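Peer 1: Heads up: the sequence lines are chains A and B, in that order.
Numbering-wise (our numbering), the first sequence opens with residue -8 and increments by one.
Numbering-wise (our numbering), the second sequence opens with residue 787 and increments by one.
These are calculated hints, taken from the structure and not from any lab test.
These numbers were taken from a predicted model, which means no experiment stands behind them.
The reader is advised that the hints may include incorrect statements.
Stated by the list, open to error - Restraint-style ranges between C-beta atoms, simulated for each label pair:
1. Pro865(B) / Ser71(A): 48 to 56 Å
2. Ser(-2)(A) / Trp882(B): 29 to 37 Å
3. Glu6(A) / Trp882(B): 17 to 25 Å
4. Gln828(B) / Asp50(A): 17 to 25 Å
5. Glu801(B) / Gly7(A): 43 to 51 Å
6. Glu53(A) / Ser812(B): 20 to 28 Å
7. Gly7(A) / Glu852(B): 46 to 54 Å
8. Tyr825(B) / Asp50(A): 24 to 32 Å
9. Glu60(A) / Glu802(B): 30 to 38 Å
10. Ser86(A) / Thr858(B): 21 to 29 Å
By construction, the Cβ of each residue, glycine as well, lies at the ideal position given by its N, Cα and C atoms.
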Amino acid sequence: DGGITQSPKYLFRKEGQNVTLSCEQNLNHDAMYWYRQDPGQGLRLIYYSQIVNDFQKGDIAEGYSVSREKKESFPLTVTSAQKNPTAFYLCASTSDSMNTEAFFGQGTRLTVV
Amino acid sequence: AQSVTQLDSQVPVFEEAPVELRCNYSSSVSVYLFWYVQYPNQGLQLLLKYLSGSTLVKGINGFEAEFNKSQTSFHLRKPSVHISDTAEYFCAVKAWNFNKFYFGSGTKLNVKP
Chain A
-8 DGGITQSPKY LFRKEGQNVT LSCEQNLNHD AMYWYRQDPG QGLRLIYYSQ IVNDFQKGDI
52 AEGYSVSREK KESFPLTVTS AQKNPTAFYL CASTSDSMNT EAFFGQGTRL TVV
Chain B
787 AQSVTQLDSQ VPVFEEAPVE LRCNYSSSVS VYLFWYVQYP NQGLQLLLKY LSGSTLVKGI
847 NGFEAEFNKS QTSFHLRKPS VHISDTAEYF CAVKAWNFNK FYFGSGTKLN VKP
């Protein structure tokens, strides 16, 4: 079955460490997105990529970095510069047809310890 | 750019009662509209979408929504809710010509027995 796989489901990080969240899709979608979810704040866009080797900052990109070397993969690195990284992170993808919805992975819950 | 406002952060309702979750959007161009549902610690699942045509759209699990262009609204309704409908619901908007989604802050539906 086609879908989006995020790993790990739970991740613990010590302060000052960088961590990378994985997102893989087999839907043959061109566009991929990373969102951060905090209670009561909905989904906030971190980065998005419309095509391989290209990506743009979203609304809250500071302290995060991404790469898009393959169509199927869009990993997110949470760097030590991100002051409050504890959150639920969601990856999504969509085809290049404008009238289609976004498909979501199951999320990664990151906790700083 | 687009924006979405979900007017109610929480909606308590008794089982078998009707419910309406409100969503208003802002955009200077034509848009596509979506409703998603999220169960705890999971990703978002599409309930329904409005692309064009009939303003009343039906989705999964007995939900429906009505697009009102003059009031820039896309309210979600269900005539009789079940305990299993307890979840968080997100309204989202996307411009017709750009592949970027904007989400509301979410409404938590709490169905009581």
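Peer 1: So which hints don't hold here, by number, going up?
Peer 2: 3 and 9
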